[in-house]
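Just so you know, the protein sequences line up as chains A and B, in that order.
Numbering that gives the first Met the number 0 numbers the first residue of the first sequence as 0 and each following residue consecutively.
Numbering that gives the first Met the number 0 numbers the first residue of the second sequence as 0 and each following residue consecutively.
By construction, these hints were calculated from the structure, which means they are not laboratory data.
Fair warning: there could be bad hints in the mix.
[What the hints assert, rightly or not] Cross-link-like lysine to aspartate or glutamate pairs, in silico, DMTMM-like; alpha carbons within 25 Å at most:
id	chain 1	residue 1	chain 2	residue 2
1	A	92	B	297
2	B	276	A	54
3	A	92	B	197
4	B	124	A	179
5	B	220	A	129
6	A	105	B	280
7	A	55	B	296
8	A	92	B	30
9	A	92	B	156
10	A	92	B	3
11	A	55	B	242
12	A	92	B	87
13	B	124	A	225
14	B	276	A	98
15	A	17	B	280
16	B	276	A	131
17	A	92	B	221
18	B	128	A	131
19	A	105	B	297
20	B	163	A	54
21	A	92	B	260
22	B	276	A	72
23	A	92	B	296
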Amino acid sequence: MLELKNLCFGVETEDSTKEIIKDISFVVPDDKFVVITGPNGGGKSTLARLIMGIEKPSSGQILYNGQDITHMDITERANIGISFALQQPVRFKGIHVVDLLRLAAKRNLTVGEACDYLSAVGLCARDYIDREVNASLSGGELKRIEIATVLARGTQLSVFDEPEAGIDLWSFQSLIKVFENMQKRNHGSILIISHQERILNIADEIILIADGQLRDQGSKDRILPELLKSTLPVTCNRILDGGAADA
Amino acid sequence: MLNEVQKHILAEIANLHKVPTGAYSIRANGETESMNSTANIQIVKKSDVPGIDIFIKDGTVNESVHIPVVLSESGIKEVVYNDFHIGDGCDVTIVAGCGISNCGDQDSAHDGMHRFFIGKNSRIKYVEKHYGEGDGKGKRIMNPGTEVNIGEGSSVEMEMVQIKGVDDTVRKTTAKLEKNAKLVVHERLMTHADQRADSDYVIELNGDGSSADVVSRSVAKDESVQVYRSRIVGSAVCSGHTECDAIIMDKARVVAIPELEANNVDAALIHEAAIGKIAGDQLIKLMTLGLTAAEAEEQIVNGFLR
Chain A
0 MLELKNLCFG VETEDSTKEI IKDISFVVPD DKFVVITGPN GGGKSTLARL IMGIEKPSSG
60 QILYNGQDIT HMDITERANI GISFALQQPV RFKGIHVVDL LRLAAKRNLT VGEACDYLSA
120 VGLCARDYID REVNASLSGG ELKRIEIATV LARGTQLSVF DEPEAGIDLW SFQSLIKVFE
180 NMQKRNHGSI LIISHQERIL NIADEIILIA DGQLRDQGSK DRILPELLKS TLPVTCNRIL
240 DGGAADA
Chain B
0 MLNEVQKHIL AEIANLHKVP TGAYSIRANG ETESMNSTAN IQIVKKSDVP GIDIFIKDGT
60 VNESVHIPVV LSESGIKEVV YNDFHIGDGC DVTIVAGCGI SNCGDQDSAH DGMHRFFIGK
120 NSRIKYVEKH YGEGDGKGKR IMNPGTEVNI GEGSSVEMEM VQIKGVDDTV RKTTAKLEKN
180 AKLVVHERLM THADQRADSD YVIELNGDGS SADVVSRSVA KDESVQVYRS RIVGSAVCSG
240 HTECDAIIMD KARVVAIPEL EANNVDAALI HEAAIGKIAG DQLIKLMTLG LTAAEAEEQI
300 VNGFLR
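This is chain A alone, in the form it adopts within the complex:
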């Protein structure tokens, strides 16, 4: 279980402090699929980075399974069972896709096992396994490899920052299946930052963040219909049934 208590985060500007996250508290229960949504620039990605320890809060607490992890660094958080998929995946010259998956799994995966993770994210595995994670891969390919590294870790809590960004229409449905299968396999929680109606649609719970504040949290059945008819900018990005995923 992940718990945020009165979390605040600000950045220093020339003459003042700009508050990005304003006193946010919520709980991500075990085995739940929770989606954080809200307008661009509202603080969602910052929140995800605070959970992973990439940013440190100015005040407040983060608890994981009852343990205070507020002052733990990224590595410690990773090793107690938190995974994170970056919104903009990183390229590495000379490191191969299979190396990254092996580092993620913390063991010497067989080529077959590594291929399974790549197939799960819709990549034709044998074409990719020995590719370098460098500029020769497209944004969409990198994004899927990023998601595969989280699959390979198989941790109790997985955080995804806009996994749909850069994923094409054809892969989008399989992405949804990835999340559904993950939840079944890990018996863990999934926390996703997303604008996508189809991702919101498979959530157990939805958290709405706008202007650095928690605006609402509740079951998908209650929140999603309200979002769809509201005038909040969040719905600007949604896709019509059968339409293309936004980038």
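Following the hints, complete the assembly by docking chain B onto the known chain A.
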């Protein structure tokens, strides 16, 4: 007989754990330790200067030559001249390399001067590894000179590696390419402490259809200094590419000087050079996989120098 230190160095530079099969010449502490010729590859000691001549007959395929050099005594300084005379239609692998273990206080130096005279339509793979170890105050110095003359339709692939322990190196490589000849160079270099490495390439594309691709990847740590110069001269219908990609760390210095000269309107020449520190995002990504910052850095550097 080689001693344990020498055997260890041999494994580092040439992946050799026993006497190699095929043609070889092992040089240890300034003397030829052992030597073997085969039916197609003849190795002959030079009479005027230290070094050997290697004669490879026309049509020699799938054979290899190993010519490692090991220095395990402090204070040895030598210049060795090795000439490769390679015939037409050959396909051979040449493994050179030098390892210095210097536990003493005097400098040890090996300057290997390699010249290649390659006939027509041959394929040569050349691997050269340099390695130094030992905790003495004496420096481990290597100044290799490589001159490659590539005949019509021949191709040469060179892998030059210097990952650890060489205090001072000036590496000069020159190549002349005839019609349809091809040269590919992969250089990997890592310097640390107060080491200095100079790498200097001059490639002349003289024949129509010739091409060269010279790629250097390096990591400079601590207070080390690297200077990379690469000059490609295109005097025919040819294509040339040179790339220097360096990771800079700590208080190191890296200088990259690419130079292109086109003397023909159909010479297509490109250079690229990039120097930068390890990206913060790269460290963050590997840390989210459970690696410490130091482990992440090691993975990034090892991958980069692969």
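Can you confirm whether the C-alpha distance between residue 92 of chain A and residue 30 of chain B stays at or below 25 Å? The hint is violated at about 41 Å.
Is residue 55 of chain A within 25 Å of residue 296 of chain B, Cα to Cα? holds, 22 Å
Holds or violated: residue 17 of chain A with residue 280 of chain B, Cα cutoff 25 Å? Roughly 23 Å between the alpha carbons, so the hint for residue 17 of chain A and residue 280 of chain B holds.
Checking one constraint from the list: CA of residue 163 of chain B to CA of residue 54 of chain A, max 25 Å. Satisfied? violated, 36 Å
Straight-line Cα separation of residue 276 of chain B and residue 72 of chain A no greater than 25 Å? holds, 22 Å
If you draw a straight line from the CA of residue 220 of chain B to the CA of residue 129 of chain A, is it 25 Å or shorter? This hinted pair is violated, its Cα atoms lying about 28 Å apart.
Given pair status - residue 297 of chain B, residue 105 of chain A, alpha carbons within 25 Å: holds, 16 Å
Starting from residue 92 of chain A, check that the Cα of residue 156 of chain B is at most 25 Å away, please. holds, 21 Å
What's the verdict on residue 92 of chain A and residue 87 of chain B, does the C-alpha distance respect the 25 Å limit or exceed it? Between residue 92 of chain A and residue 87 of chain B the Cα gap is close to 37 Å, so the pair fails against 25 Å, i.e. violated.
Taking only the CA atoms, is the gap from residue 276 of chain B to residue 98 of chain A under or equal to 25 Å? Holds, because 22 Å separates the two Cα atoms, which is no more than 25 Å.
Are residue 276 of chain B and residue 131 of chain A close enough, with their CA atoms no more than 25 Å apart? holds, 19 Å
Do the alpha carbons of residue 92 of chain A and residue 296 of chain B lie within 25 Å of each other, as the hint requires? holds, 13 Å
The structure does not agree with the numbered hints 4, 5, 8, 10, 11, 12, 13, 20, 21 stated previously, though it agrees with the rest.
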